[in-house]
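Enquirer: Here is how the chains run, residue by residue.
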Amino acid sequence: MMTPGTEQALAEAVRAAHAAREPLAIEGAGSKRAMLRPVQAARTLSTRGLTGITLYKPAELVISARAGTPVAEIEAALAEQGQQIIAEPPDLSALLGAGGATLGGVVATNLSGPRRIAWGSMRDHVLGIRAVKGDGEIFRSGGRVLKNVTGLDLCKLLAGSHGTLGVLTEITFKVLPAAEATGTLALAVPDLGAGVRALSAGLGSPFGVSGAALLPMGMAAMGLPGPVALLRIEDFSESVTYRTGRLREVLAPFGEISLFDGQAARSLWRGVRDATFLDAAPEDAVWRLSVAPSAAPAVCAALPGAKLLLDWGGGLIWVAGEASEAMHQAVVAAAGTGSFTLFRAPDALRHAVAVLPPEPPALAAISTRVKALLDPAGILNPGRMGR
Amino acid sequence: MIRLPAPKPEVLARRPEILAGLARLVPADALITEELRLRPYETDGLSAYRQMPMAVVLPRTTAEVAAVLRFCHQQGVRVIPRGAGTSLSGGALPLADAVVIGLMRMNRILEMNFEDRFAVVEAGVTNIGITQAVAGEGFFYAPDPSSQLACMIGGNVMMNSGGAHCLKYGVTANNLLGVKFVTIEGEIFEVGGTHLDGAGYDWLGLITGSEGQLGMVTEVTVRILRGPEGARAMLAAFSSIPVAGQAVDAIIGSGIIPVALEFMDRPCIHACEAFAHAGYPLDAEAMLIIEVEGSEAEQDALLARIRDICARFDPISMKVAESAEQSLAIWKGRKGAFGAVGRISPDYLCMDGTIPTGELPRVLGRITEMSEEYGLKVANVFHAGDGNLHPLIMFDANDPESFRKAEAFGADILKLCVEVGGCLTGEHGVGVEKRDLMHVQFTADELALQRSIKSAFDPDWLLNPAKVFPLLGETVLAGAA
Ligand SMILES: Cc1cc2nc3c(=O)[nH]c(=O)nc-3n(C[C@H](O)[C@H](O)[C@H](O)COP(=O)(O)OP(=O)(O)OC[C@H]3O[C@@H](n4cnc5c(N)ncnc54)[C@H](O)[C@@H]3O)c2cc1C
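Top to bottom, those sequences are chains A and B.
For the first sequence, the working numbering assigns the number 1 to the initial residue and increments by one for each residue that follows.
For the second sequence, the working numbering assigns the number 1 to the initial residue and increments by one for each residue that follows.
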């Protein structure tokens, strides 16, 4: 494994691999190695040697850090100033079996947590990047200011490209103050359809819901054995009291309501964020779907026997089930016009199936040309995204 | 003075065949070729530059758009996509050998879904049109450019437009779910959908803000949001720009994210007050308009906190709106700022750089000095929370020297923005206006990379040429008004 300590050294390593036509597995801490398709490469290039916060201006709501900086380190620095990463990126160590997620990794996989529904994705808040192309050339896109439409936005393209279009070396992103207080309403709902309707009612209310999840298996430990809808308000204390009160009125028709706040509320949302509520068995494969929320009950009904966890008002569906091609096809069919990711599976399945939805043919042709521009020899994470 | 590429002689020579070919693709009323009716399309919001196109096509369907693009591609004809033509950077400026494809007739709302909180609209629907369509259910479309009565969602997507409320709600890119995209070859496909964050490359993110360089958008799926219970503004006036800047930092540092945080300097306060009689303090050097949202009680609480913060910076005056009407009055001057400056000086250039907010005092100080050096007046109004400056440079269009100076002044401001860590454009786009400054912000290699990505979509460079990227090769001059 190569762990260069400077961007320059990392660029050299990529340039050498390009010249030798030698594929590289690109990673940060390697915590997401289990996602998508295994990379076909003899050598690994990690950004874990590129660490450190390079700029932090709390009053400007901006922070920059090298790609290998652990997310935990950034969260700690922000917390000291009462701020937070807006998109609430998950810690998926329980699901993926490896931790220590880096900033580069959460941006390259565009993984966002519950707050995404109200405040945007990891990608939405990336203001600027530095990256190394597949031929070793360093480039920048965006900058360090909150509004910038100068030139083509390559930040968005690289965020979520799983290291196949360039190696991110430094990322600048927008942050926000952390709310003073959190309140959560838990609703016992009769079924998933009612649950999603309750979440929609909450998100369609003027009370600023910042998390809207649905636990099909409930929370038995808290005396809620059936499906439970969770809605979160984050705000100043007085506002949390007021807003949860008003939200209760909106949600009263959907089921019995209990209130959680403080540490209890925070740990509930951590369980949603990190998908620990999914309760996947070690041998299960795991999929992550994104659909229009109202489609969720039908998607879930089409997957009998699967374990499920819903977030983003029902639009984000975590599925755990048998690691088989048949199950994969069922999941893909259920996702319909939505999107899916094979999140975790035995290598054989990861090689056998499409791990992401295909692009329409005319777009795929453009996509191939853009990939060739950014990675001419095809050495960056070959196979990762299924090609 | 801006340079444009020389028209292609072989295209001009085949004008009759090309027009006949277009006539076979769209109904007769959708093709404009006579000079008088072409005239409205010769310029956009950057009206200093004008150029008549060869023809204008106004399709009504995606299929027509695709057919026209396919034909233009086959014929090697350049294409200028156009929405409402309000671009302030000359993004929709025609070329003499080009066909303008205007989408104003594609103005239908196709679907409104309140349960899943999205709307599917054609590209020619106006920005305000979306909010008006969903307002009955208490919803709105968040990005609100000041041009929202006229500008169209297709243009908003291509410029990644912002508005006064994007500090809280984000810009266009943060409020999209999908688009229907047509390539220069006439291929149609969907990007995104009605779900969030599809897996795979983020083509939607690349297309957003691409200024018509990559293809055309005919339908847009936007997120719609439930409006807050209410909103109210206050204003706070200060005796110096640095102090106002410190107040902005203190507000943001307190954990409050106002929905809007707007800044005006003395010349702008005076212009707006003369125009709108909003009761602005004429003795102030800087004024903030701060808006918060929530229930009446929440608004009171937040405004009280902000008042206390501002009070620490010796404000000259503060006024908290007691009602929605008073709030509107506070906004009235700001919303009319461009018109107000237009009354003092019929001609002005609206600049659009962004700076780190901490650089504000230094940058405004330099702009004042430059204003003296160039002998041109400038008024500053901008989005303080995100550092997006709008210096309005006043000049006299009848005096070519004055126009030349105004452009040079504008370029100096934008270079300064980049120098202090900011960028050339926060929301108006590069267009033709800032094209030749791109090398200030990007290296030659970075520009080459962006150019090559355009080529991956549009190998023959037929889509909106002469915008965004500095010209390579032969050029002619376009006339200033
Ligand atoms: C008074 C005034 C105030 C303004 N205030 C703001 C503001 O607050 N915030 C802000 O961000 N902007 C503002 N603008 C700028 C302008 O309104 C925006 O850039 C707007 O998004 C342009 O929309 P349009 O429909 O007029 O597009 P046009 O000007 O017609 O086109 C804009 C660009 O997009 C391309 N294009 C248009 N439609 C399509 C399509 N369907 N497919 C492909 N390409 C297309 C054009 O070729 C051009 O490059 C203001 C302008 C004015 C005149």
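No lab work stands behind these hints: they were computed from the structure.
Take these hints with a grain of salt, some might be off.
Stated by the list, open to error - Partial list, derived from the structure: chain B residues whose beta carbon lies under 7 Å from chain A:
| id | residue |
| --- | --- |
| 1 | G193 |
| 2 | L206 |
| 3 | A231 |
| 4 | Q246 |
| 5 | D283 |
| 6 | E285 |
| 7 | E296 |
| 8 | D300 |
| 9 | E359 |
| 10 | E369 |
| 11 | A448 |
| 12 | L449 |
Said to hold, decoys possible - Below, computed lysine-lysine pairings styled on DSS-like, alpha-carbon distance capped at 27 Å:
| id | chain 1 | residue 1 | chain 2 | residue 2 |
| --- | --- | --- | --- | --- |
| 13 | B | K168 | B | K332 |
| 14 | B | K377 | B | K332 |
| 15 | B | K335 | B | K168 |
| 16 | A | K174 | B | K332 |
| 17 | A | K57 | B | K332 |
| 18 | A | K371 | B | K454 |
| 19 | A | K57 | B | K415 |
| 20 | B | K415 | A | K174 |
Note that the coordinates shown come from a computational prediction; the quantities given were computed from them, not determined experimentally.
For each residue, glycine too, the CB sits at the ideal point set by N, CA and C.
Enquirer: It remains to establish, for every hint, whether it holds in the given structure.
Expert: Consistency of the hints with the structure:
1. Against a cut-off of 7 Å between C-beta atoms, the interface hint on B:G193 holds, since the closest Cβ of chain A lies about 6 Å away.
2. With its C-beta approaching chain A no nearer than about 5 Å, B:L206 sits inside the 7 Å limit, and its interface hint holds.
3. The beta carbon of B:A231 is not positioned within 7 Å of any beta carbon in chain A (closest approach about 11 Å), and the interface hint is therefore violated.
4. Nearest Cβ of chain A to the Cβ of B:Q246: about 9 Å, over the 7 Å cut. The hint is violated.
5. Using the Cβ-Cβ criterion of 7 Å, the hint placing B:D283 at the interface with chain A is not satisfied: the shortest such distance is roughly 27 Å.
6. Taking 7 Å as the C-beta cut-off, the interface hint given for B:E285 is violated, the closest approach to chain A being about 21 Å.
7. Taken as an interface hint, B:E296 does not check out: its beta carbon lies about 11 Å from the nearest beta carbon of chain A, beyond 7 Å.
8. Nearest Cβ of chain A to the Cβ of B:D300: about 11 Å, over the 7 Å cut. The hint is violated.
9. The beta carbon of B:E359 comes no nearer than 9 Å to any beta carbon in chain A, farther than 7 Å, and the hint placing it at the interface is violated.
10. For B:E369, the suggested interface contact is broken, since its CB lies about 22 Å from the closest CB of chain A, more than 7 Å.
11. With its C-beta approaching chain A no nearer than about 10 Å, B:A448 sits outside the 7 Å limit, and its interface hint is violated.
12. Interface restraint check for B:L449: the shortest CB-CB distance to chain A comes to about 6 Å, inside 7 Å, so the restraint holds.
13. Between the alpha carbons of B:K168 and B:K332 the distance comes to roughly 21 Å, so the proposed pair stays at or under 27 Å and holds.
14. Restraint check: the Cα-Cα separation between B:K377 and B:K332 comes to about 23 Å, which is no more than 27 Å; the hinted pair holds.
15. With a C-alpha separation of about 18 Å, the suggested pairing of B:K335 with B:K168 holds against the 27 Å cut-off.
16. Restraint check: the Cα-Cα separation between A:K174 and B:K332 comes to about 30 Å, which exceeds 27 Å; the hinted pair is violated.
17. With a CA separation close to 33 Å, the supplied pair A:K57 and B:K332 exceeds the 27 Å bound.
18. For the hint pairing A:K371 with B:K454, the CA-to-CA distance comes to about 13 Å; that is within 27 Å, so the pair holds.
19. Straight-line distance between C-alpha atoms of A:K57 and B:K415 comes to about 22 Å, which keeps the hinted pair within the 27 Å bound.
20. This hinted pair checks out: B:K415 and A:K174 have alpha carbons roughly 23 Å apart, not beyond 27 Å.
In this structure, the earlier hints numbered 3, 4, 5, 6, 7, 8, 9, 10, 11, 16 and 17 are contradicted, and the remaining ones agree with it.
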